[in-house]
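FYI, the numbering for the sequence shown is 4 to 252, going by my numbering.
In case anyone wonders, no lab produced these hints; they're calculated from the structure. Don't be surprised by glycine CBs; every beta carbon is placed ideally from N, CA and C. Keep in mind that a hint or two might mislead.
Pairwise CB distance ranges (calculated) [to be verified]:
{"id": "1", "residue 1": "Ala64", "residue 2": "Asn89", "range": "42 to 48 Å"}
{"id": "2", "residue 1": "Pro96", "residue 2": "Glu55", "range": "18 to 24 Å"}
{"id": "3", "residue 1": "Arg163", "residue 2": "His186", "range": "42 to 48 Å"}
{"id": "4", "residue 1": "Leu161", "residue 2": "Leu98", "range": "23 to 29 Å"}
{"id": "5", "residue 1": "Leu63", "residue 2": "Glu164", "range": "52 to 58 Å"}
{"id": "6", "residue 1": "Met74", "residue 2": "Ala166", "range": "52 to 58 Å"}
{"id": "7", "residue 1": "Asp91", "residue 2": "Asp69", "range": "43 to 49 Å"}
{"id": "8", "residue 1": "Glu155", "residue 2": "Arg194", "range": "41 to 47 Å"}
Calculated pairs, DSS-like style, for lysine-lysine (alpha carbon to alpha carbon, straight line, at most 25 Å) [what the hints assert, rightly or not]:
{"id": "9", "residue 1": "Lys188", "residue 2": "Lys177"}
{"id": "10", "residue 1": "Lys116", "residue 2": "Lys60"}
{"id": "11", "residue 1": "Lys177", "residue 2": "Lys157"}
{"id": "12", "residue 1": "Lys60", "residue 2": "Lys177"}
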Amino acid sequence: MEPKENLVDLGTLLRGRVKAVYGSLDSAGERTTWETVTDSLVAEFDSSVDREETLQKFRLARLPADVDPLMLAVELTRLLSRALPNLDEESEPQLLASQFIESVPATLSQQLKLLNAVQPMDISEPAKMTCQLMTRTVAPVGCEKQEISNVEKKIEELEREIAAIRVNHKRNDKCYECGGTGHWKINCPTRRRRRYFRRYNECSFYPRNLVVVALVDRGAVYTRLNINERDLVCLSDTGAAVSLIGKEQ
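Turn these sequences into a full structure, and let the hints steer you where they fit.
Below, the structure written as structure tokens:
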């Protein structure tokens, strides 16, 4: 196709900002050639503002979940060449590799950073490694679900076994007080009966002519008194040992 025919077709296809640039050339009244149109378009879209916007897109680029990492590498290369067309050959691969590592998910980015620290890589190398790491991560998902289900079943079985052991252990426990099973020494019925019988202590009489003599058990609630050979049970305010001794005749 001749350049003149290209210009005619170009005028019918352009839209937006590009069409405005093309229209400004026609309105200028100058001779419009293919070279002048392409030069004008490059100058219009290669301004400092456009380069800054492109560089911002380069820095904010991220790898979507359903996109091939190699496609991200191609897009980053395109954005960097447009934002910094005069970048030297040594800095360009470093920036591309560094930005690619920052663009992938955090779990993959950490592994790639370690590899890049040991041996600096071109952007194609971390892109291929990302593909391999993503394949290893996605493949065992079904297996992990099955393993989790098996672990949960084993935990439930262990819980049931532990509960059964505790019940049997409690049933077979022997009381150190009476030798019976089903209870511990602290809850032994015989101890409760003994405490009830020992609640009231017998009076202590001395070989002297005393009118009132009584002895209260420690922690007792009631006091048993013997007055002139007659028993009397009274409520005691304290549980301390008390002796009521009358005057000598």
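Evaluation of the provided hints:
Restraint check, Ala64 to Asn89: a C-beta distance of roughly 21 Å breaks the suggested window 42 to 48 Å. Between Pro96 and Glu55 the beta carbons are some 22 Å apart, a value that agrees with the proposed interval 18 to 24 Å. Look at Arg163 against His186: about 25 Å separates their beta carbons, and that is not inside 42 to 48 Å. For the hinted restraint 23 to 29 Å between Leu161 and Leu98, the CB-CB distance of approximately 55 Å leaves it violated.
A hinted range of 52 to 58 Å holds for the C-beta pair Leu63 and Glu164, which are about 55 Å apart. As the Cβ distance of Met74 to Ala166 is approximately 56 Å, the hint placing it in 52 to 58 Å holds. A hinted range of 43 to 49 Å for the beta carbons of Asp91 and Asp69 is inconsistent with their spacing of about 35 Å. For the hinted restraint 41 to 47 Å between Glu155 and Arg194, the CB-CB distance of approximately 45 Å keeps it satisfied.
Between Lys188 and Lys177, the direct Cα distance comes to roughly 8 Å. Compliance with the 25 Å bound is thereby established for this hinted pair. Restraint check for Lys116 and Lys60: the C-alpha separation of about 22 Å stays at or below 25 Å, so the hint holds. Taking the CA atoms of Lys177 and Lys157, the gap is near 32 Å; set against the 25 Å cutoff, the hint is violated. For a cut-off of 25 Å, the pair hint linking Lys60 to Lys177 is broken: about 77 Å separates their Cα positions.
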